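Work out the full structure, taking the sequences as your base and the hints as a guide.
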Amino acid sequence: MTRRILINGQPVDPHPSATLIETEPGVYSVLVDGVSREARLLGNDIFIDGHRFTFEFDDPRQWKRNAGAAAAHGRATIAAPMPGKVVRILAAAGDEVAAGQGIVVVEAMKMQNELKAPRAGRLASLDCKENDSVLAGAILAVIE
Amino acid sequence: MTRRILINGQPVDPHPSATLIETEPGVYSVLVDGVSREARLLGNDIFIDGHRFTFEFDDPRQWKRNAGAAAAHGRATIAAPMPGKVVRILAAAGDEVAAGQGIVVVEAMKMQNELKAPRAGRLASLDCKENDSVLAGAILAVIE
Amino acid sequence: MFSKVLIANRGEIALRVIRTLREMSIPSVAVYSDADRAALHVRRADEAAHLGPAPSSESYLNIDRILDAALRHRATAIHPGYGFLSENARFAQACADAGIAFIGPSAKSISMMGSKTEARRVASAGGAPIVPGTLDGVTSASEALAAARHAGFPVMLKAVAGGGGKGMRRVDREPDFLAAFDSASSEALRSFADGRLYVEKLIENARHIEIQILGDRHGNMVHLGERECSVQRRHQKVIEESPSPLIARLPELRARMGEAAIRAARAAGYYNAGTVEFLADNSGNFYFLEMNTRLQVEHPVTELVTGLDLVRLQLSIAAGHPLPFTQSDIVLRGAALECRIYAEDPANNFFPSPGRITQLAEPSGPGVRLDSGIYPGWTVPLDYDPMLAKLIVWNDTREHAIERMLRALGEYQIGGIQSNLALFDAILRDPAFRAGNLHTGYLDAMLQRTPFTAPPPPAELAPLAALVASRLPNSSAATTPPATTPPAAPASRWLADGRQNLMRKERTR
Amino acid sequence: MFSKVLIANRGEIALRVIRTLREMSIPSVAVYSDADRAALHVRRADEAAHLGPAPSSESYLNIDRILDAALRHRATAIHPGYGFLSENARFAQACADAGIAFIGPSAKSISMMGSKTEARRVASAGGAPIVPGTLDGVTSASEALAAARHAGFPVMLKAVAGGGGKGMRRVDREPDFLAAFDSASSEALRSFADGRLYVEKLIENARHIEIQILGDRHGNMVHLGERECSVQRRHQKVIEESPSPLIARLPELRARMGEAAIRAARAAGYYNAGTVEFLADNSGNFYFLEMNTRLQVEHPVTELVTGLDLVRLQLSIAAGHPLPFTQSDIVLRGAALECRIYAEDPANNFFPSPGRITQLAEPSGPGVRLDSGIYPGWTVPLDYDPMLAKLIVWNDTREHAIERMLRALGEYQIGGIQSNLALFDAILRDPAFRAGNLHTGYLDAMLQRTPFTAPPPPAELAPLAALVASRLPNSSAATTPPATTPPAAPASRWLADGRQNLMRKERTR
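Chains as they are written, first to last, in the numbering used here: chain A, 31 to 174; chain B, 31 to 174; chain C, 17 to 525; chain D, 17 to 525.
Don't read these hints as lab results, they were simulated from the structure.
Honestly, I wouldn't trust all of these hints.
[Stated by the list, open to error] Straight-line alpha carbon distances no greater than 25 Å define the calculated SDA-like cross-link-like pairs of lysine to any residue that follow: (1) C:124 <-> C:328; (2) C:217 <-> C:272; (3) D:20 <-> C:474; (4) A:159 <-> C:198; (5) B:115 <-> D:208; (6) B:159 <-> D:398; (7) A:115 <-> A:162.
Please read these numbers as outputs of a predicted model, since none were measured by experiment.
Structure follows, in structure tokens:
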């Protein structure tokens, strides 16, 4: 096996002495130095004791993913996490925004929810307006 | 679809108006005339409200199974349901035995268990003796 | 007793009622919208009736369709659960008109307590202390402002037809008053088709303590002790418990509040299970807040400390039977806690997280009760309140009950969607919570103080994650589309995950 | 309190102890044999130590390996659970010698009560009534026969070193005596390496009623009321309950039996949780039977009616703390029932049915406690007792508790192996059980009267089964090998299924 494993973006070698069995689909019992732990696989994440580890395979024969450091300097999008209605816009296109700053408020499941900038940058575009109905996954804003 | 469905050996047409969804693997929610029932698929059996229905497909293009009426007149075997030790033999080869008559006693999981004749007939062979260790599935006796 | 009962509700409370009906050998009829054909309450009921499309107005809130289902299935009584039509006087009346027993109070009692100002008047007339403020709803901001000045800032603005925190605003200073009034009034108009508000003096650091009462149709009424529900976020209860830590300190308060609750309920001619909510300060002063004329979400904590089945008693009362006990028979034992498990992400501003539940491990064992409406493989619909389940524990003392809840939370795993399980862990370990120093602003203050974020994962666990990953085929990573936001920002990752779950759901519908 | 506790057991009881340890913030160490690497108690413990191969003698019964594991993991105490080494005086002594606290009584108390004849002498000396018969174990059949003639037939032959029904025989007539003696003696020799038997007069239609006691190391002792365990098959308890229906009728009996139990336990210098078993007739006469010097399988019914956590109290006693209450603080409330869920087929002579659990739905909701050691996908090993779980319910009255148990059983689905779930449904609906007319021969008589067979499936459900089948591909039927016995004989079909499960298991190991 030539593939490397990246955990949270960093290459990590599998533990050399822990033993592992899959007890239920996606649920693993891990024994390491006499300690019993449970690991759960959900999508691209492995949860151990409530901690999330995102894994990737870094295989030269595979399409090179650029989700890591590269993307942090590229575009970031704010997408509607579910169908809903835009009730407030908190920033304007062209604004410099801080990481965590609220950009758009969407009402869904009877709750108003503020969508925040995932990182600092310039609000390159704002692709919705107040009272818009939006579908799940719709891109509402782009930060560069 | 030309296949016929046999339920407990008899051809039965699927209910024409009931609605069915699979809610969990092998578990079905059935609504029929406003009544809510749960059906569970386990191997060749479908359980509804605790009742067991064994199903087969009677498809002319498929190998014809002879598990039904034909087998009742053929051979029946008594097999060890699990690894264990034969502790007593209750009949001799050549005996005429009644359905439900005890033939062999096997000890397993710290319990003695009497294996009974599945139907009436002649004990054609007895393939074990007292103190034999037997594996799961081992044929212990044949009734003809 | 009734020959068949329809439950005009969904989710865990429908299942809760089905369970008692089954114990009483009464056939149950579930109702369901298009979004709920696969819901657990439909699977577990004896019968099920389709109501209509997913929106509540065309299904769970549609009186005609529910009565039609009841008549079609020959149900002789309807249990409304909580929420939906449970406090709708018109529904209670429509049941009576259709010759179907409404398992609740009279339409008249619902009306009296449904108007918050009317309820204040009734309770006050009955002798229960009320929060200083207006006795009537007002529509003019200036009239409200005068009342606010009279009571003294800070004040609360509340919708006359209110509930669930809608149309409610805290106003600390006079200059903010008019804007708050307009915004609360328009929210109330939107939510309840009634923009009237009333003014109450804000009781600082108040506890929310409520009294469970039970009255029959023969004039007998008892209280079943209190529940403290001070752990709230956005005026929504998050954790409830009985006994209240305050009353544990001031034991004579229970009888005083219990009597005040009974007085208020009697003044409304009340029968059925009901809850009288109070604000209380740490000196033991308390004020009537409102009355809920139905079974409460948090009724299990009272069931655990009293040993009573409130749903069984509701049915018995609705069938005209007298209460089988008097006040002196009610004995409270030990301590119970309830956590409301929601499909929401506490690390991301409590964003709702509907979607498909891919993994589920549920707690069990000594002293643990789980009232749940979910199962692995089920898709939490977008259309309703995102409450998944209630986890309730009992133990001999509050401290031991908290320890048991932490143990049970550790056994609880919900995969595929975000849940607020980790939030409870944080609250239950908080020294202020452990000390019982609660008030309705407690949780907001705690979250302000220590924002709810995932701690950095311990480095020594990474090689174990890598070991799990090493057993997986390459393809399992490739199935997930690249995230739209970088993995360095966890909040956004969770957003992205939520979206992916939703998209999966859209495809599989 | 202890800094870490090893549990020298497996299955549901190991999990039960782990849960209380977690609530007390004490790290737990599970032990496991080769057959149990994937068992739930290993998954749920904080730490886990491998003992050896599957056979108990090389794992769960191996004192050296267990002590070695405890030392390796730095456990400062060992909880033995029930069965295995829990009543082994040599083990209790070995723990003490290794400087590890044994969470149980002294080795001396175990020895005194471990010999059934010695226990009879101790109890009798303490003032507890005993069943007429021999005070000493005998090895000669003629000596035993003389005692039997003196007591009068029918009599029971019992192994001095006995337990779990081994080496036990009922003898109704003198001509059967010698054969029964030989067979019981050789079974006792095989099971306990001690062939000595003793003779007791058979108390006809006796009830099995036992008293839970709790004593500390400072001489304080209380009883926690009774459990009735008269529903037995082959001397194995099947359903346990508290209060006993007999004591509900004769309430003063509880205090009398409780005092007798305490006298017997005091005579053995007992501390820890323990159980004194009695036979009782319907007039309220009762006789000491034996004492179990450990936590009992059925301890949860006592926990539910008393509100106590017996495992927490065991730990507290073992740590040297005095009992936190006296007899007058013990209040019993409501009624609790326990069903022991086994992997066995009641329709086929209760044949054990190990194998892979392919589907699992577990009961929950009000008043339901499940102490379980299984999960879907787990393979029940061949090597140990086939108990899967205990389902325990509480409600305000016995009648309501029975209704609740029936409801919970209806929610419980175990697929892939046979279980005795349907048996409980039959017992709980039996009028004699409902009336509380119980004795230790009750279940055998009921099964004799109405043999446990599946009723013929209702014809109107067959089209629904066909509907399910119509959605399946042809191949799903072809994957199962043809049965060796005809489908017309249901018992044999079940046998065949059991075998198939086993074969699947063998392939996947």
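Status of each hint after checking the structure:
1. C:124 <-> C:328: holds (23 Å)
2. C:217 <-> C:272: holds (22 Å)
3. D:20 <-> C:474: holds (23 Å)
4. A:159 <-> C:198: Roughly 23 Å between the alpha carbons, so the hint for residue 159 of chain A and residue 198 of chain C holds.
5. B:115 <-> D:208: holds (19 Å)
6. B:159 <-> D:398: holds (22 Å)
7. A:115 <-> A:162: holds (6 Å)
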